[in-house]
Amino acid sequence: MQIEERAVGDVVVLDLKGHVSLGDGDQLLKDKVNSLVNQGRKRIVLNLAGVPYIDSAGLGEIVGTYTTVSRQGGGLKLLNLTKKITDLLAITKLLTVFETFESENDAVRSFAAPAKV
0 MQIEERAVGD VVVLDLKGHV SLGDGDQLLK DKVNSLVNQG RKRIVLNLAG
50 VPYIDSAGLG EIVGTYTTVS RQGGGLKLLN LTKKITDLLA ITKLLTVFET
100 FESENDAVRS FAAPAKV
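So for the sequence shown, numbering that gives the first Met the number 0 puts the first residue at 0; every next one is plus one.
By construction, these hints were calculated from the structure, which means they are not laboratory data.
Any given hint could turn out to be false.
What the hints assert, rightly or not - Listed next, with one range per pair, are the computed distances between beta-carbon atoms:
| hint | residue 1 | residue 2 | range |
| --- | --- | --- | --- |
| 1 | 104 | 22 | 17 to 27 Å |
| 2 | 111 | 21 | 30 to 40 Å |
| 3 | 90 | 37 | 31 to 41 Å |
| 4 | 34 | 59 | 11 to 21 Å |
| 5 | 111 | 54 | 31 to 41 Å |
| 6 | 29 | 91 | 11 to 21 Å |
| 7 | 9 | 102 | 16 to 26 Å |
| 8 | 26 | 70 | 13 to 23 Å |
| 9 | 29 | 81 | 18 to 28 Å |
All values reported here derive from a predicted model rather than from experimental measurement.
In this text, a Cβ means the ideal position worked out from N, Cα and C, and glycines have one as well.
Given the sequences, and given the hints that come with them, work out the whole structure.
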């Protein structure tokens with residue numbers, strides 16, 4: 000897996016490309032997000048448009064990064080989910096945990112909106 004980092008205002012967009020699976024990107028994602036949080040950059044959007052496959056380890060790592068960012072007072076949102084990934088999140092009931100977006104503008108702007116209660 001490859002991760003490209005972009006800044007959109009004070010939001011970091013991480014463009015993920017490739018599989019997010021055990022031994023193929025799970026640790027890379029964790030390290031990247033931990034580095035961002037340690038720099039005080041806690042508004043993160045994961046762009047999954049280039050991710051054709053996520054296994055249970057990869058899904059666990061996305062949940063772990065969400066928890067890490069949330070505990071530090073930040074937010075992690077998902078962008079451009081494929082149908083397979085949307086179905087996986089629905090089956091595991093994680094679709095109710097993550098805020099998901101089809102538009103990068105909407106995802107970035109959502110950080111300025113009041114939190115959903």
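_For each hint given before, does the structure comply? Return the numbers of the non-compliant ones in rising order._
1
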